[in-house]
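Chemist: Chains A and B, in that order, are what the protein sequence lines are.
Per UniProt numbering, the very first residue in the first sequence carries number 1; after that it's consecutive.
Per UniProt numbering, the very first residue in the second sequence carries number 1; after that it's consecutive.
Because the hints were derived from the structure by calculation, they are not lab data.
Be careful, since some hints might not be right.
Derived pair list, reagent style DMTMM-like, types lysine to aspartate or glutamate, alpha-carbon separation capped at 25 angstroms [unchecked claim]:
1. B:K13 / A:E70
2. A:K91 / A:E71
3. B:K58 / A:E73
4. A:K13 / B:D59
5. A:K13 / B:E32
6. B:K12 / B:D59
7. A:K13 / A:E32
8. A:K58 / B:E70
9. B:K13 / A:D17
10. A:K36 / B:D31
11. B:K58 / A:E32
From the derived model, a few chain B residues whose C-beta atoms are all more than 10 angstroms from chain A [stated by the list, open to error]:
12. K13
13. Q25
14. F26
15. R28
16. T67
Don't be surprised by glycine CBs; every beta carbon is placed ideally from N, CA and C.
Single-letter residue listing:
2 protein chains.
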Amino acid sequence: MADDNVVYVGTKKSPMDYVLAIVTQFNRGSDEVVLKARGGAISRAVDAAEIVKNRFLKDLQILDITTGTEELENEDGTTSNVSSISITLGKTAAGAAGGSNQPPKT
Amino acid sequence: MADDNVVYVGTKKSPMDYVLAIVTQFNRGSDEVVLKARGGAISRAVDAAEIVKNRFLKDLQILDITTGTEELENEDGTTSNVSSISITLGKTAAGAAGGSNQPPKT
């Protein structure tokens, strides 16, 4: 799942599995961790980022969020587009852009 | 679904319904349209934003993406957290931050 400081989020595992992977990366000394997800897993990536930020590493910020479209080749040779997201989490306040650290609204 | 220049994205309708709502808002003269979604609909909001940007309004950019956590009250009075996303689409290049306009990777 992890590739340097990248955590690929899919739909098979629970959000907490990805939360654990993110926390582990930071505990190993990474300054930034990038979550990458596609299609239906995009919601799970946002969940994981929010859970880590709100409950585990409270000094964490979302430094950047970018989206894109990737072309996937199907087994029959045709291609289809899928959306992708990349969420950069980091401890430094510097460079905080795009994403904002919104506490849960009560 | 639309509220001024906000399009609330849910899971019941198809992405193309939201694409149509976004395009309609821009055709009515809005400079910016904000997509809001929660939970599992987050992926659909990203899909809609990407489809509009890549296939309908090519001069459109994602100006900002923010995420958050909202507390929902359940019928039994307990509360649960749900992630939320807000994607700001706009035609002006000025103020492009956070989100980036990535063409489909071929």
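Chemist: Against this structure, judge whether each hint is valid.
Modeler: Status of the hints after comparison with the structure:
| no. | hint | result |
| --- | --- | --- |
| 1 | B:K13 / A:E70 | holds, 23 angstroms |
| 2 | A:K91 / A:E71 | violated, 33 angstroms |
| 3 | B:K58 / A:E73 | holds, 24 angstroms |
| 4 | A:K13 / B:D59 | violated, 37 angstroms |
| 5 | A:K13 / B:E32 | violated, 36 angstroms |
| 6 | B:K12 / B:D59 | violated, 28 angstroms |
| 7 | A:K13 / A:E32 | holds, 22 angstroms |
| 8 | A:K58 / B:E70 | holds, 16 angstroms |
| 9 | B:K13 / A:D17 | violated, 30 angstroms |
| 10 | A:K36 / B:D31 | violated, 30 angstroms |
| 11 | B:K58 / A:E32 | violated, 32 angstroms |
| 12 | K13 | holds, 16 angstroms |
| 13 | Q25 | holds, 19 angstroms |
| 14 | F26 | holds, 18 angstroms |
| 15 | R28 | holds, 24 angstroms |
| 16 | T67 | violated, 5 angstroms |
The structure fails to meet hints 2, 4, 5, 6, 9, 10, 11 and 16 from the earlier list, while all remaining hints are met.
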